[in-house]
Structure formats: structure tokens, C-alpha cells
Amino acid sequence: MYTFDWSSIPGSLPFLWQGMLVTLQITLVAIVVGILLGTIIAVLRLSKNSILSTLAATYVTLFRSIPLVMVLLWFQLALVPPVVHWLFPNANFDLNLIIAFTAFAFFEASYYAEIIRAGIESIAKGQVMAAQALGMTDGALMRLVILPQAFRRMIPLLLTQAIILFQDSSLVYVIGLADFFGVAKNRGDSTGSEVEFILFAGAVYLVLCLTLSTIVRQLQKRITI
Amino acid sequence: MISIRDISKWYGAFHVLKDCSTEIQKGEVVVVCGPSGSGKSTLIKCVNGLEPFQKGEIVIEGTSVGAKKTNLPKLRARVGMVFQHFELFPHLSVLQNLTIAQCRVLRRSASESEEKAFRLLDLVGLRAHARKFPAQLSGGQQQRVAIARALAMDPIAMLFDEPTSALDPEMINEVLDVMVNLAQEGMTMMVVTHEMGFAKKVADRVIFMDQGQIVEDRPKMDFFSRPNTDRAQQFLSKILSH
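If you read the protein sequences in the order shown, they are chains A and B.
Here numbering that gives the first Met the number 0 is used: position 51 in the first sequence is 50, and no number is missing along the way.
Here numbering that gives the first Met the number 0 is used: position 177 in the second sequence is 176, and no number is missing along the way.
Heads up, some of the hints might be wrong.
[What the hints assert, rightly or not] For lysine to any residue, the following SDA-like pairs were computed, each having C-alpha atoms within a straight-line distance of at most 20 Å:
no., chain 1, residue 1, chain 2, residue 2
1, A, Lys47, B, Lys68
2, B, Lys219, B, Gln24
3, B, Lys67, A, Thr136
[To be verified] Restraint ranges, calculated between C-beta atoms of paired labels, are given here:
no., chain 1, residue 1, chain 2, residue 2, range
4, B, Gly124, A, Thr136, 46 to 56 Å
5, B, Asp167, A, Pro66, 30 to 40 Å
6, B, Lys73, A, Val203, 12 to 22 Å
7, A, Ala123, B, Gly185, 27 to 37 Å
8, B, Arg106, A, Lys47, 32 to 42 Å
9, B, Arg4, A, Thr57, 24 to 34 Å
10, A, Thr57, B, Ser63, 35 to 45 Å
11, B, Lys54, A, Leu76, 57 to 67 Å
Please keep in mind that the hints were generated in silico from the structure rather than gathered at the bench.
Fair warning: this is a prediction, and the values are worked out from it, not measured in the lab.
Yeah, the Cβ is synthetic: ideal placement off N, Cα and C, and Gly gets one too.
Model the full structure from these sequences, guided by the hints.
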């Protein structure tokens, strides 16, 4: 029978912590940029201008039809390196981190865009009319009246999406980035306790995600009351 | 001040408004009534361009509502509107509901907007509720806030779209009282309502609509004492009998 050997884990904690920082960075950047970009795409998608709305719809459909792993690989192989070299010819970035940031942000934006679009559409037409009747332009009423209400309603969904994103960020191992999962896997390989490290990493994901979902559920209860 | 000329509007094949014409002079109070589905709410929403129309012209103080080059937001900022379902902004406090358009549309300073807001909350008797949110108020209170919000823009005229239809009976009068005061102070008003008591008290003219047409448009006394058409007569007998 297999006997577990957890002895390598305590010594690896500083490395795992570094990996967790990378995971958190990717998650955070993807949430912030994804929501900003997603909001713009959602607004464009609902715009009366058919060219803009078609462009936005195409963006959403495209990114939602491609597996995230492939988006990561394309960003690594074709899209990000030339742009970064062109913008900053002499800079010395961790290119893989930039690739992860951009790929996740662009990918998540397509999911956030759909959540935000549904949120905007859930606001009653009467609110739009009331804002218009007060002389607000389309931009002002979107910013001051519709989006603040839509975001309040969407908070639980946006957070749920953030939890999924936090888990999905482990996919960056395909571009060779050492996030929390990547570090766990590497340490496991080099110490010969692969199973223990993967189990430990899984437990950490489980605890963090369960905690976050509980918070979301509490929040949801408070919002719906 | 408001001139409605031969307005026609279709929803697809359905002819909602048929060649509606009327004039509202400065300081005049005009009540629009009629059975449900007669087009009265649609007509009043055409006046500030909330509903587009396909034919005819509406001119407010020399500005044509339907013209392409008209800056609609700018025009709407000068005409107050009160809705059946209040439509206060639920994420903003009562005070913020009254100041947001003053600040963002009229570019008034925060202090000027708040001063104005408190004066109007005094007028509608709700100063004590300034920091509350709309959901914490009764329907009648919300509608009074909505009237104050429209007045905060210093409108040249006020449009009311069934302002008491969504209210519980005991709250109707508190809203009508505010409207009566407004009328007596000389505000130009167009009011879609079934409250014939209000019409009798302050209206100068009554417009009766049926099936998208303006069937009667007459001074109040004439309308109530001897309506010209059977349709108006029937409507009045139904609405006044209870």
C-alpha cells in the first residue's frame, strides 16, 4: 500500500507562496481588466450602431468558442511577443507573465461582457426614460443610472466568475509559468512526492474556493432581501 | 408654448395615434383622459421625445421635438416629467435623486443643487426623508420626490403620465395636493389622469382621447357639463358614477 510522505511540503512553502502570488496576480489583473473591457464590449453590443454591436458580438462569440488553453498558446506563440517587442524593444519583462495577463483578461472579458449585458438589460425601461426625461445623454444615463444598478445586481455572478477564473489560472502551466499549481507540480516532481503535492494544492484550491463561494452566497442573500 | 400638430404614430401596423393636434399655452393646465389603450400615455411621451412619432410636429417654445438637428437631451432637461411608476433611481438617496441631474446635466454646483433640493423637499413635505432611499418610502412619498426631482430642473412645463394610477387610494390625495399647488402657482401642465376631481379643480381644458384620436378638446366647464360625443359621455358616466 502507498504510504504518504508529506515531509517535503513544509520546506516548499516559500516556493508555493511565490506561486500563489503569481496566481493571485493573474486572477486580479484578469478580473479588473476583464470587467473594464467586458463593460465596454457589453455597451457596444447593446449600441444602436450595428457595426459596433456586430464587432462586439463577434468578439464574444470568438472567445467563448475557443478553449482557454488554445487562447494561452496563441497569445504565447503569435500575438503577445511581437507586440511587446515592438512597444518596448529594450525592456526585460517576464514575457510569460504578460502573456498570462493579456490572455486571461481578453478571455474573461468575453464572459464578463455577457454577464454585464444581461445586467444592463435587466434594468427596467422606465429607468432609462426617467433619466432621459431629466436631460441625460445616452452616455450619462448609462454611467449614472444603468451601470451602477446593473453592477449591484451582478455582484454575485461576477464573483462566481472570479472563482472560476481563480481555478482556471492553473492552466498557465502550458506556457511554462510557475503559478501555485505549477510550483506544486515542479516541487512534487523534484522531490518525488508528486501525489502529495497535487493533493495539497487541490486542498488549498478547495479551501479558498469554498470560502469564497460561502461569501458569495451570503452576499446573494443580503442582496435579494 | 407646446404645440402638437397632426401627430401620427404606428407600432408596426397598429395606428396608436391618429392626427392628434392641440396647443398648450403658458400657464395652462390641460388634463388628458380616456379609456385605457386610447393613446394618452403615448401622446404625452411624444411631447418630450421619449416616444418617436412618424408624422406631424411637436414644437416646444420654438424647438421642434422630432427634428433631426434638435438636441433632445437639452430640450428634455427643460421639460419635467412624472411617471406612473415614479422611476426614482433606487441606488441613490432621495437627496441624490434630486441633485444628480442638476449637477450632471445643468452643471450646477453641489451646494447650489442641494440647496435647491432641500427647498423642493420642503415644498413636498419630505425634508426629513432626504437621506433615505426610495425603497424606504411609501408610494405617495416616492411620487412626491419624483415631482420634486422634476421641479429641480426649473422646467418650463411639467408632464404627468398617470401620476396616481399606481398608488394606494389613501395616498392619492397627498400627490394631488402637490399638483394642485403647482397648478395654482401657474405651472404649465399636461396631465394624463383619471382623477376628474383634480380636473374639475384646476384644469383649464380637458382632452378626451379614444382609439388614438383626440375626440374632445374643450374648456373644463363645457366638457363636464355637456360633452359633445357619446363616447365621452359614456366615459364620464362610468368614471364619475363611483
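Comparing the hints with the structure gives:
1. Among the hinted pairs, lysine 47 of chain A with lysine 68 of chain B is consistent with the structure: their alpha-carbon atoms are about 18 Å apart, no more than 20 Å.
2. Only pairs whose Cα atoms come within 20 Å are accepted, and lysine 219 of chain B paired with glutamine 24 of chain B is accepted, the gap being roughly 15 Å.
3. This hinted pair checks out: lysine 67 of chain B and threonine 136 of chain A have alpha carbons roughly 15 Å apart, not beyond 20 Å.
4. Look at glycine 124 of chain B against threonine 136 of chain A: about 33 Å separates their beta carbons, and that is not inside 46 to 56 Å.
5. A beta carbon spacing of about 56 Å between aspartate 167 of chain B and proline 66 of chain A contradicts the range 30 to 40 Å that was offered as a hint.
6. The beta-carbon spacing between lysine 73 of chain B and valine 203 of chain A, approximately 57 Å, falls outside the hinted interval of 12 to 22 Å.
7. Taking 27 to 37 Å as the suggested C-beta distance range, the pair alanine 123 of chain A and glycine 185 of chain B conforms, at roughly 34 Å.
8. As the Cβ distance of arginine 106 of chain B to lysine 47 of chain A is approximately 26 Å, the hint placing it in 32 to 42 Å is violated.
9. In this structure the supplied range 24 to 34 Å is violated for arginine 4 of chain B paired with threonine 57 of chain A, their Cβ-Cβ distance being about 44 Å.
10. As the Cβ distance of threonine 57 of chain A to serine 63 of chain B is approximately 38 Å, the hint placing it in 35 to 45 Å holds.
11. Between lysine 54 of chain B and leucine 76 of chain A, the C-beta spacing of about 59 Å keeps the proposed range 57 to 67 Å intact.
The structure fails to meet hints 4, 5, 6, 8, 9 from the earlier list, while all remaining hints are met.
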